[in-house]
Amino acid sequence: MIAELLFAVFFGLLLLGIHRKVIARIQRRPGPPVWQEILHMLKFSFKTTWIPKTASAALFVGVVLVAIGIWSAALFVVISGGSLLVIFAIYMLHKIVEHGFGLSSGSPYGKFGGVRSVISAASEIPLLVSVAAIAIFTHSLLISDIVSYQEVHGPLLITIPLAAIAMYVVLISKMPFGPFSIVESKELVSGYKTEHFGVWRAGLEVCNGLKTYVLLLTFILVFIGSLPFWLTLLTMLILVITLSFVCALSPMLSPYDSVTVQTLLAGLMLVYVGVLGVMS
Amino acid sequence: MNEIGGTPLFFLEFGDIVVYFTPFTLTLFLLALVFTVFVLISRPERQIDIAFGADAFYAKVISLPELRFRRFMSIACGLACMGAMVTGDVFDFTLLVSLVGICNVGIVAAVKSRHVQNAAYQYGLVALAGTVPLFSAAAMVAATTGTLSMIELAKDAVAIPLAARALLVLGVMGEGMAPFYAAKAEMFRAPGAPYVIMCSLSSLLIFLRVAEVILLL
Amino acid sequence: MKKKNALALTLVAAGSGVAAMALSMASILPGWAYAAVLVLAFPLFVLGLGLYWMAREGEEDIPFLGY
Chain A
1 MIAELLFAVF
11 FGLLLLGIHR
21 KVIARIQRRP
31 GPPVWQEILH
41 MLKFSFKTTW
51 IPKTASAALF
61 VGVVLVAIGI
71 WSAALFVVIS
81 GGSLLVIFAI
91 YMLHKIVEHG
101 FGLSSGSPYG
111 KFGGVRSVIS
121 AASEIPLLVS
131 VAAIAIFTHS
141 LLISDIVSYQ
151 EVHGPLLITI
161 PLAAIAMYVV
171 LISKMPFGPF
181 SIVESKELVS
191 GYKTEHFGVW
201 RAGLEVCNGL
211 KTYVLLLTFI
221 LVFIGSLPFW
231 LTLLTMLILV
241 ITLSFVCALS
251 PMLSPYDSVT
261 VQTLLAGLML
271 VYVGVLGVMS
Chain B
1 MNEIGGTPLF
11 FLEFGDIVVY
21 FTPFTLTLFL
31 LALVFTVFVL
41 ISRPERQIDI
51 AFGADAFYAK
61 VISLPELRFR
71 RFMSIACGLA
81 CMGAMVTGDV
91 FDFTLLVSLV
101 GICNVGIVAA
111 VKSRHVQNAA
121 YQYGLVALAG
131 TVPLFSAAAM
141 VAATTGTLSM
151 IELAKDAVAI
161 PLAARALLVL
171 GVMGEGMAPF
181 YAAKAEMFRA
191 PGAPYVIMCS
201 LSSLLIFLRV
211 AEVILLL
Chain C
1 MKKKNALALT
11 LVAAGSGVAA
21 MALSMASILP
31 GWAYAAVLVL
41 AFPLFVLGLG
51 LYWMAREGEE
61 DIPFLGY
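Protein chains in written order, with the numbering used here: chain A, 1 to 280; chain B, 1 to 217; chain C, 1 to 67.
If you are wondering where the hints come from, they were derived from the structure by calculation, not from laboratory data. Check the hints yourself; a few may be wrong.
As the list claims (entries may be wrong) - Once the Cα atoms are required to be at most 30 angstroms apart in a straight line, the calculated DSS-like pairs of lysine-lysine come out as: (1) C:K3 - A:K47; (2) A:K53 - A:K186; (3) B:K155 - A:K186; (4) A:K186 - A:K43; (5) C:K4 - A:K43; (6) A:K186 - A:K21.
Produce the complete structure using the sequences and hints provided.
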């Protein structure tokens, strides 16, 4: 499992690098090399580091540990075919991590990043909707059961395409440079991660790599099914490129617009799953 | 038993009240525990703000009595949260959820800021009103099925009225879930990160747990 | 944190991870316990390694407030 963990970190960061490269090419910029995010992680870990004078020290450091820990746990849950509800829980608790990053330093920019992450709570509802829609069909939330259901009945992507779209929106809202990335937008310097520099930021980059890998892997396992390893990686790459197109071609929304759009989407999805539940 | 959150790992029986850990509730329990430990060991941060109209900034410092009260409330909130995560009894669940609501008000009520107190007051009213549907749900479950144990209720033979589930969700929403969650956002401007985080953490954990409870019932 | 302590932390975290892997391969340790050890050890390993090879510890400063 150690090998899988390290692979997930580096491949996730590589995907984020590809994300940046594709966005740059769409916008006709040369862009950084694809391994830039991996270099970033290493670069930050070599830098001078301290805990700000005003920070709440234990929380400032502890939240980095929690961030890496929860996503490693999520990776193991996905690999072992555990409950989808646990993945959902970890995804929601990532919000607390953002909040902790933002508030623990005492920086005004970090604080606004943290508050923004709290007000965009509606971005989690689509995930709950896709979980509920899946439960209606498979009668189980274990990822292993969902995979074996798809081997018999064909991919869920075809059965419930709108639930797949809901999960895709969730992926968009967690990708950097997307329309909903208000927590790290540049008018807040770097949002919630402004004051986490040096080694702390390196830890955050590790978490980002893991998070990207886990979310994409979950999407593939839940909506397409079990694929050979190389094909899984290829599908992840294709997914990232489509996400890059969305991120490159859409402007970042203002905080209130972002929350409104997310709430509307969440409402639509709730209606959809209600209809699905009545029909089945 | 319906295995929504994975196969149950461990049952802890106190007479007829059963506490059980599934991988899902265990994850939530551990996170509540971790953040309660953070509350215990960390000092609050000093929030820096810019003084407008001058080339200056100031730090908001939390006084010791305020710190003590808020730390106590946060720990109480963490304990209530841990209880709500693992309990296998509908009434205990509603009781602990309402306790979380009270503690959340307590965490921010000691802050000396008009905006924060206003938000805390409004949230307090909603939380108070939320207890009515919350406890009516538990009462309805007990009246219609004769049991409050989630393990018994999860069996297919037991039918729970839709209204009871709806009231349960409504009550939990009142105690701090979306859409009242947005009103709580104002409370998060208060200084004292470890304590304020407990507010949002408890909301999220209760949201996750009630999702499981509703799927289970 | 002193570099020596950071190195000790890294080695302890890495050691417990490798030990858990060995025990799990010998099927003494169940899979979930192996995963739990890794979830605890991996974050400590990442931060310990970073703190060991970082440039130096700077002087504490107040957060960035703009230019």
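Just to be careful, I want the Cα atoms of A:K186 and A:K43 compared with a cutoff of 30 angstroms; is the pair within it?
Judged against 30 angstroms, a Cα distance of about 21 angstroms means the pair holds.
Is A:K53 close enough to A:K186, meaning Cα to Cα at most 30 angstroms?
holds, 24 angstroms
Could you grab the alpha-carbon distance between A:K186 and A:K21 and see if it respects the 30 angstroms cut-off?
holds, 19 angstroms
Sort out whether A:K43 lies within 30 angstroms of C:K4, counting only the CA atoms.
Holds, at about 21 angstroms.
Within 30 angstroms, alpha carbon to alpha carbon, are B:K155 and A:K186?
Judged against 30 angstroms, a Cα distance of about 52 angstroms means the pair is violated.
Please work out if C:K3 and A:K47 have their alpha carbons no farther apart than 30 angstroms.
holds, 14 angstroms
The structure fails to meet hint 3 from the earlier list, while all remaining hints are met.
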